[in-house]
Amino acid sequence: MLTVPIEIQILFAGILFLIGLVGLLVRRNMIFMLMSIEIMFNSAGLVFIIAGNHLKQPDGQVMFIFILAVTAVEVAIALALILQVYHHYKTLDSDAINKLKD
Amino acid sequence: MTIYIALIPAIPLLGFLVLALFGSTLNRKVVGYIGAGSVGLAALLTFIAGAHFIKSLPLVRSYSVVLWEWINAGNLKADISFSLDSLSLVFCFVITFVGFLIHVYSIEFMANDEGFSRFFAYMNLFVGSMLILVMADNILLLYLGWEGVGLCSYLLIGFWYKKPENGYAARKAFIITRIGDTAMIIGIFILFLSFGTLNINELMQQVSVKWTAGSSIAVLTAALLLGGALGKSAQLPLQTWLPDAMAGPSPVSALIHAATMVTAGVYLIARTHVLFSLAPIVMTAIAVIGALTLLISGFSALTQHDLKRILAYSTISQIGYMFLALGIGAWSAAVFHFMIHAFFKALLFLAAGIVILVLNEEHDIFRMGGLRKKLPAVFWTFLIGSASLSALPLITAGFYSKDQILWYAFSSESGNSLLWIAGIIGAFLTALYSFRMVFIVFFGETKTNPSFMPGKQMTVPIIILAVLSVVGGFVELPASIGNIHLFSNLVGNTLPPAVVRETGHSEIMLMSFSAIIVLAGIYLAYMAYLRKPDLSESFNHSRINKFFEKGWGFDTLYDTLVVKPVVWLSGIDKNDVFDWMNIGIARLTLLANNLLSITQNGKLRWYLMSFTIGIVLILTYMICR
Amino acid sequence: MNLFFYIAAVVALISTIMAISGRNAIHSLLYLILSLLAVSVIFYLLDAPFIAALEVIIYAGAIMVLFIFVTMMLNIGVEKRTEKKWLNPRMWIIPSVLTAILLIDFILALKIIHVSPPDNNVILPKQVGISLFSTYLLAVEIAAILLMAGVIGAYHLGSQKKKVTHRFLEKK
Chain S
1 MLTVPIEIQI LFAGILFLIG LVGLLVRRNM IFMLMSIEIM FNSAGLVFII AGNHLKQPDG
61 QVMFIFILAV TAVEVAIALA LILQVYHHYK TLDSDAINKL KD
Chain R
1 MTIYIALIPA IPLLGFLVLA LFGSTLNRKV VGYIGAGSVG LAALLTFIAG AHFIKSLPLV
61 RSYSVVLWEW INAGNLKADI SFSLDSLSLV FCFVITFVGF LIHVYSIEFM ANDEGFSRFF
121 AYMNLFVGSM LILVMADNIL LLYLGWEGVG LCSYLLIGFW YKKPENGYAA RKAFIITRIG
181 DTAMIIGIFI LFLSFGTLNI NELMQQVSVK WTAGSSIAVL TAALLLGGAL GKSAQLPLQT
241 WLPDAMAGPS PVSALIHAAT MVTAGVYLIA RTHVLFSLAP IVMTAIAVIG ALTLLISGFS
301 ALTQHDLKRI LAYSTISQIG YMFLALGIGA WSAAVFHFMI HAFFKALLFL AAGIVILVLN
361 EEHDIFRMGG LRKKLPAVFW TFLIGSASLS ALPLITAGFY SKDQILWYAF SSESGNSLLW
421 IAGIIGAFLT ALYSFRMVFI VFFGETKTNP SFMPGKQMTV PIIILAVLSV VGGFVELPAS
481 IGNIHLFSNL VGNTLPPAVV RETGHSEIML MSFSAIIVLA GIYLAYMAYL RKPDLSESFN
541 HSRINKFFEK GWGFDTLYDT LVVKPVVWLS GIDKNDVFDW MNIGIARLTL LANNLLSITQ
601 NGKLRWYLMS FTIGIVLILT YMICR
Chain Y
1 MNLFFYIAAV VALISTIMAI SGRNAIHSLL YLILSLLAVS VIFYLLDAPF IAALEVIIYA
61 GAIMVLFIFV TMMLNIGVEK RTEKKWLNPR MWIIPSVLTA ILLIDFILAL KIIHVSPPDN
121 NVILPKQVGI SLFSTYLLAV EIAAILLMAG VIGAYHLGSQ KKKVTHRFLE KK
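Protein chains in written order, with the working numbering: chain S, 1 to 102; chain R, 1 to 625; chain Y, 1 to 172.
Hints were generated in silico from the structure; no laboratory data involved.
Where hints are given, some of them may not hold.
Derived contacts from chain R toward chain Y, CB cut-off under 10 Å, selection only [claimed, not checked]:
| no. | residue |
| --- | --- |
| 1 | ILE200 |
| 2 | MET204 |
| 3 | THR446 |
| 4 | MET609 |
| 5 | ILE613 |
| 6 | LEU619 |
| 7 | THR620 |
| 8 | MET622 |
| 9 | ILE623 |
| 10 | CYS624 |
Only pairs whose alpha carbons sit at most 25 Å apart, straight line, appear in this in silico SDA-like list of lysine to any residue [unchecked claim]:
| no. | chain 1 | residue 1 | chain 2 | residue 2 |
| --- | --- | --- | --- | --- |
| 11 | R | LYS77 | R | LYS163 |
| 12 | R | LYS456 | R | VAL475 |
| 13 | R | LYS603 | S | LEU2 |
| 14 | R | LYS546 | R | VAL562 |
| 15 | S | LYS56 | Y | ILE112 |
| 16 | S | LYS101 | R | ASN593 |
| 17 | R | LYS29 | R | VAL18 |
| 18 | R | LYS210 | R | ILE190 |
| 19 | R | LYS550 | R | ILE179 |
| 20 | R | LYS163 | R | VAL567 |
| 21 | Y | LYS126 | Y | ALA144 |
| 22 | Y | LYS111 | S | ILE6 |
| 23 | Y | LYS126 | Y | GLY22 |
| 24 | S | LYS56 | S | ILE67 |
| 25 | S | LYS101 | R | ASP576 |
| 26 | R | LYS546 | R | HIS363 |
| 27 | Y | LYS126 | S | HIS87 |
| 28 | Y | LYS126 | S | MET63 |
| 29 | S | LYS56 | Y | VAL115 |
| 30 | Y | LYS161 | S | LEU2 |
| 31 | R | LYS210 | R | LYS532 |
| 32 | R | LYS603 | Y | GLY22 |
| 33 | S | LYS101 | R | ILE598 |
| 34 | Y | LYS111 | S | LYS99 |
| 35 | Y | LYS111 | S | LEU2 |
| 36 | R | LYS532 | R | ASP555 |
| 37 | S | LYS99 | R | ILE613 |
Chain S regions said to be covered by chain Y (calculated; three or more residues, Cβ under 8 Å) [as the list claims (entries may be wrong)]:
| no. | segment |
| --- | --- |
| 38 | 25-36 |
| 39 | 44-55 |
| 40 | 74-87 |
Glycine included, every Cβ here is placed at the ideal spot set by N, Cα and C.
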């Protein structure tokens, strides 16, 4: 039985999320940005499992399965888009894609 | 019966409405019928009404009909009501009859123009407004007609709007007459404030009762109304617009700037003669202005090259005669001269229009010549018209009308020999320039050949007008010759007769003197322009010739005194407060746009950063509460 | 048991930090796989063994492998110079500050919110399966459709169409 206080568990998930956020803000390479997004997804799923364990309900794990499915789809499509961008712009710099402005 | 007089202005206005709405879809023939037919119908009605009126004299002095209430606001009441008395009858007759002839002429004159229906619509509107003006029972309705004819003058002068100079000429005419109109409306305000009524007859009654002769308010009001008359009738100092108004088609010049609109001032003064009689200073001013104008424009007409400009200056000069007559109290003489002048001036303008048209828009008289054999009908009618203009003794109507004015100028109570001398010099000049015109255009060798002959619709009206220019004078023969006073008897029902004082000279003597002067002028024109042209050559190139030709420098005077300062001031005032506010709003919006568009720089990480900042702010706010 | 949790947590944190601050893409991805494995251990400790297995199989095994394939296809491992240029220390300041503020907010929030004490039951994977296919059946179907849409979308977006220009324009 795990007796770590619930606050510490959630804090841990939160710190993981914030690390992902920092990575998203700092990196310019699109692959890295996508990776940071993955970290954030993962930490969100972790919170669900923690809550499900705390409240003794299976819904937390069910939710995590759905998050997993969504993450998979999102990664697939995002990578396809990054491929297209790379073939058009010949670079993976996210600052290079700034045509949608005034 | 009296309701029918309201149809006289209504039918041309109806014609205008039909042509304005449907003119572009109608066939040209139909447009011509409607345009000329409406004025012809009005002429017919005028004849019938006039016959009735003359039959019922002297019992009935005027017919009046009130159509409907126009304005009724507190003290201000004005109705749409018309009245026909002998003065209006004379004016209506001239407007409708001469107008009808000119409309028939225009059917052929404007036959190849693309604005055919627009032309007739404007002409009908003009005839309608002029009829409202002369038949109006209250002074506000008169002013409505006054403004209406001003508008139509603008529209018709600038009829060929594709050339910018025509637009400038039309604007110049409108602005200068506007100055006069403003003076007139202030005069109307004073009259209304003093008496509380707008009906002309009531006003004249009250004026004669309440205001004393020579009082400052009477002088002021009369002077203001005179200002309006000066603008419309192109007298000094507002005469500069008429020569430029010749940019319009010839029928327009004939109708508006010879026969009718420019005589609106004469009508106004004759209609309100009671008021003017109470201000002797203003009457003297009218006479002096008339005398000066006729001299100045007579000299200018002598030096012009453009055929229509000669006729324009001649019109200004002849209206000067009418004003001279009004100023000395010879009311019926002025109206008589108006009628005869309408006949021969319209004739001259129409004939000049034919000449210009068949010579392919050639206006310079020194490039015409020898048209006597080529255009015989035009030549004979033009000759008759010029003879009437010069007041050729005994056989032309112009002689009788102009001579009556000269006689009264000499012998009337407020007449003066100086005015008579001015009139005599004017008669000499008139004969000189009109026969200069005839000799240069119709005699000598042909410089430009006519490209086609005019048709019936153009020649029949001018023949009718030529006949009238000869026999029209026989309704008023002086006492020493035939003693027929049909005209003055008719008009005398509304206008008082001129008072004659005893002078040492008889009428016959003065008449023969003026006849000799006229013949001398014709002879001088014959010698200087036909037999020995080199006599006039040195004059043609002299400096004083140039001065006269530019209208005695009035245009440049007004340009430097008025136009340039106003343009300069408006240039300074270009960016005034309201402009600044409008532009300020636009600039502010642009500035905000530029500021806000910085936040949209297309960079992904910038957007992410703004998300994060937002989240931080919201969460901090929520925690700290 | 708690000790395992703390060790796994520390491993996950360190490997995640290494993942986002690396220069080489492949190295970062491998660190991320390590982080996922640590999180999987935590899942197992939280009475969710099935989920721990799923995490390894799908997340670390499929998604991250997809990442690695694409990274290798785009050949960005060799661009270490650009990565160095883009990743100067100055860039880290503002995000770190903001994230620190968020962390403080997070801790404060946790202090404020009251959490009820846990029960004593254990959740079996069987329960999860029954719940998945009875209560959440519709969501499962929708997830299936989403996956199909993802497949089709990825296929279309990933294909390279040859650009066809008219022969007159080609001469330029």
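message = Hint by hint, where does the structure go against what was stated? Just the numbers, ascending.
response = 1, 2, 3, 11, 12, 13, 23, 25, 27, 30, 31, 34 and 36
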